[in-house]
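Assembling the complex is the task here: the two chains are given apart, and the hints tell you how they should meet.
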Amino acid sequence: MNGISALYLVLLAAVAGYVLIARVPSILHTPMMSGSNFIHGIVLAGAMLALGGAQGILEQVIGFVAVMAASANVVGGFIVTDRMLSLFDKSDDRGNNHGLSAKSLEIDSAVGEDRRLPKALNTSKRA
Amino acid sequence: MIETVPLGVQLAWFLATLSFVIGLRRLSSPTRARTGIWVAGFGMVLAVASMFFHPDLRNNLPLIIVAMSLGGGFALLHAKQIDMTRIPQMIALYNALGGVSAAGIAMLVLLHVSEYGPAAKSLAVLGGLIGCIAFAGSLFAFLRLRGHFSRRDAFAKRQVAYLANGSLVLLLGLILATSATAHPVLLLLFIALAISFGLLMTMPTSAADMPVLISLYNALTGLAVALDGFVLVNPAMMVAGTIVFAAGSLLTRLMARAVNRRLSEIMYSGFGLAEDGLVDNGDREHVNTIDARDAAVDMAYAGRVVIVPGYGMATAQAQHKLRELTQLLDERGVDTGFAIHPVAGRMPGHMNVLLAEAGVPYEKIHDLSDINAEFAQVDVVLVVGANDIVNPAARDNAESPLFGMPVLDVDRSKRVIVLKRGDGTGYAGVENELLFAPVTRVLFGDARDSVQELIMAIKGLD
Chain A
1 MNGISALYLV
11 LLAAVAGYVL
21 IARVPSILHT
31 PMMSGSNFIH
41 GIVLAGAMLA
51 LGGAQGILEQ
61 VIGFVAVMAA
71 SANVVGGFIV
81 TDRMLSLFDK
91 SDDRGNNHGL
101 SAKSLEIDSA
111 VGEDRRLPKA
121 LNTSKRA
Chain B
128 MIETVPLGVQ
138 LAWFLATLSF
148 VIGLRRLSSP
158 TRARTGIWVA
168 GFGMVLAVAS
178 MFFHPDLRNN
188 LPLIIVAMSL
198 GGGFALLHAK
208 QIDMTRIPQM
218 IALYNALGGV
228 SAAGIAMLVL
238 LHVSEYGPAA
248 KSLAVLGGLI
258 GCIAFAGSLF
268 AFLRLRGHFS
278 RRDAFAKRQV
288 AYLANGSLVL
298 LLGLILATSA
308 TAHPVLLLLF
318 IALAISFGLL
328 MTMPTSAADM
338 PVLISLYNAL
348 TGLAVALDGF
358 VLVNPAMMVA
368 GTIVFAAGSL
378 LTRLMARAVN
388 RRLSEIMYSG
398 FGLAEDGLVD
408 NGDREHVNTI
418 DARDAAVDMA
428 YAGRVVIVPG
438 YGMATAQAQH
448 KLRELTQLLD
458 ERGVDTGFAI
468 HPVAGRMPGH
478 MNVLLAEAGV
488 PYEKIHDLSD
498 INAEFAQVDV
508 VLVVGANDIV
518 NPAARDNAES
528 PLFGMPVLDV
538 DRSKRVIVLK
548 RGDGTGYAGV
558 ENELLFAPVT
568 RVLFGDARDS
578 VQELIMAIKG
588 LD
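Protein chains in written order, with my numbering: chain A, 1 to 127; chain B, 128 to 589.
The shape of chain B in the complex, shown without the other chains (with noise of 0.2 angstroms):
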């Protein structure tokens, strides 16, 4: 097959290749990471360009076109005008995208299954289940973190529907992958099958876990694109994918060791669903409440203030608010800082980018393993929007969920003070431990309304 596709085109396919490896080399380094996406994307338009010259490109070429330009355009508007604090769900998003592509040629090649031998059927249809369950669970994760479906569904007997469902595409697949013929409806049937399966897998994930989840779909997709790649007899394909593939597993693992859990303890667990170990709500009464004036004044007045951000800060877009505060501190001769933990936000790094963007010095920023030491010598310790990342009980509770999970040791400061919306739990679900600690107050509002309270409060001091 790949013997008649013309020279020009095949040295195209190369210089891709080339340049995806190239470009990720360069996004793992942070003075060259920029650099790389666009090694990338040079490689990417080559390739596509090159198809317009293969000459099995034979029939619909206005469709390929238009649905090019609805695809490419509905893009280019989507991702130019998104907010910056809904990254994740941007790349759940065309993950899931690109989950859909993988299981449509799959889908295909499954219906001019006479073209194709045994060893091609069997990858077109692993290829279409695995690009399905990628699609299924990137758009299920991109929901969740949209904030939709955020009760967490955990019906009875799951268990008995996740193999019954995974047995039944199983034999389907298999079904498929010996057939002489094509059965478009068996395809439709385990196409439906195989999505479904997607949705089972991730629906126990709560919104907190989601980005390892994401992660692990990002690099399935990798792996169906290869195997789509096999089928096709496309090389590019064949490498991107699985460079995805392993890159995409070994990111996965990564960012589950971060939060010090096992992927399958995130996969298979309930986590929030464990009653045990959970504060009583009575306690809820002994909250300590504080104003922002007497925050302030804590803060003004101290010698050393660490700011700790979670995705509140960033639904609440109070991070130029905070890049204000420090600044006044600042002046008035108070040490700052910020304490990032490796997954607050919903991404590891994702307040990096937002405190950059606020144009907060790099120097400020310190990673956990860096600051954890120092908090008994913190005078205020500022949680803006975070919750799970600075529960105590993941340090001290056997019986917690979060229990074994490194958290920032904001309660061995002097004062915490935490900005918090309402009463609710963190994404895990859990309840912060730390809202009941003896050095903690709560200042409840808006994060970034309490923080332009406090920067007032602390302009009125002189």
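If we strip away everything but chain A, and leave its shape as in the complex, we get (with noise of 0.2 angstroms):
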């Protein structure tokens, strides 16, 4: 891959991040922060690698510590995001319409009774 292509390869990535994000209603927020945490844990395909070619004990430390923490990275962020989001469907383990039922959030909204997701929607434009 040359650098000329690389840059456009930047700039579509950067496009998507944008769109990927901009109508996020503001509940979301710290599961995005925290889901984009996780992703960035991709950075362990690049310490395994930089390990696996590591010699030398300075170098083997280095790349030792980066693959463990890009380990915590990705298993810490993975465990945070899904049960900050497991929160938000735990009413369906109660049957009642308690919390952030993903489900009552599809109903109400179609109803038109929640409030929520059009008042977020205008909360981004907004922004």
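Keep in mind the hints are simulated off the structure, nothing from the lab. Glycine residues also receive a C-beta, built at the ideal position from the N, C-alpha and C atoms. Be aware that one or more of the hints could be misleading.
Here chain B is said to cover these stretches of chain A; the calculated rule only asks that three of the stretch's residues, wherever they fall, bring their Cβ under 8 angstroms from a Cβ of chain B [to be verified]: (1) 30-44; (2) 49-63; (3) 78-86.
Next comes the structure, spelled out in structure tokens:
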């Protein structure tokens, strides 16, 4: 891959990043941050490669720390995000309408009782 | 370089990248968010597993596996048991680890400097610098949110140190990027200075503003990962890193806007250092207190009660008790609800998550813009561990460091009951003028104990 086509790749990826997040309701800002925190855990792929080519004790130590930190980033980022999101559909276990059930959200917005979703869209438009 | 990577591995990278995009897309919709993280997780497993078939992964295979098990195992134990009120800290911690890894990759590249061209070397220097800043900044944010370094460290000549450190790092970076041979000592010096630069950058920020900064460092880690991806010619890292950078930058701006502040103000202002406009401490005598019985009567015979939670609710774990309280009031025919400021707690959505966890019905939770005009019709506002977000000084006092931040206008209601543990200031270090408003009564004590007393008192009314 040459430098110029890499620049095109960056351009398109940056646009994708903006588009992906432009309409996020503020209630999802924290899960979103946590989710993207997980996704940059892909650094693990690079760290494995770096340690895989490391020679000598200094390089091995640096590579080892890099792989260890990246693995923690991946696993921790995933669990924190998933635990956070699991609270959003907790009410399904209880069979009542408490909490931020994904299903109840769908139903609410369908019958127009829920004011949060349109509201959230307004917020992001303003921003 | 990439031509030597087997097609299967490249395909796995492509699928991983695709699943990241789909996963993030799903994360931005409340109804599909949970599936999003699993889609992205699938991509991650694919990308990591494919690395074992990469031809450049020649040495140290046992080391790689040990490091992965140690790091992953630690995070598995740690993230599973950690309390949900500590979410902001956790994101900061795992982001710091991502930054370490990105910086480590850059260091290894710069130790093998002869294998890389000038463009790759410059990108590695940049990746190392940004990775270190993200690491140091996130780690400091993590520690400050845990309550360490709570004193604002604004030493004199900070700007001078900042500039000196910054130019030294750039100079060293320039040397490393242009040199044809590896300089391990210079490299370590470069890393150390980059870390201290990140610390200097973060130190003046108050805990109240940390979430915005954590979001910024999250974006920066993404950028560092993308830069490393260019050096290692790994398109999955390039694209995923760039997406996180772009999305994170936008998210940072959205969050800064929610508190009506520019990022530069957050990073460079000495919030809480301005002594003007603060209420004199002598005024503390004018705080009117109330006991739980009187507060319970106020609430039980009110037409409408609105609860405003803040970080104090999270630390006291009062959300379950608050749900109980609202149920009790509902049974008495009182109209109850929660008013959530965009940055209540320390992150957008933090309070929503905790209240959802406690089982508070969704329709009882109102946004700032929904409810702010209605406070004049509210009989009792119960402020639970919130400070800066209800401070009328942000609206009325142009001298206040908070001025311009949107706040909940609770002082316009008929009665405000503030649950307060001690007589400290908010995280911004600013005195809360709400406490001295004529409608305000303060109920001192731990938030959860106070709410429990309120519940008992209301039950005792019949």
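Going through the hints against the structure:
Using a Cβ-Cβ cut-off of 8 angstroms, 15 residues of the segment 30-44 of chain A lie near chain B, which meets the minimum of three, so the contact claim holds. Figure legend: the segment 49-63 of chain A, annotated as covered by chain B; annotation consistent (12 residues with Cβ-Cβ distances under 8 angstroms, at least 3 required). Coverage of the segment 78-86 of chain A by chain B holds in this model, with 9 residues showing a Cβ closer than 8 angstroms to a Cβ of that chain against a need of three.
Checked against the numbered hints above, the structure violates none of them.
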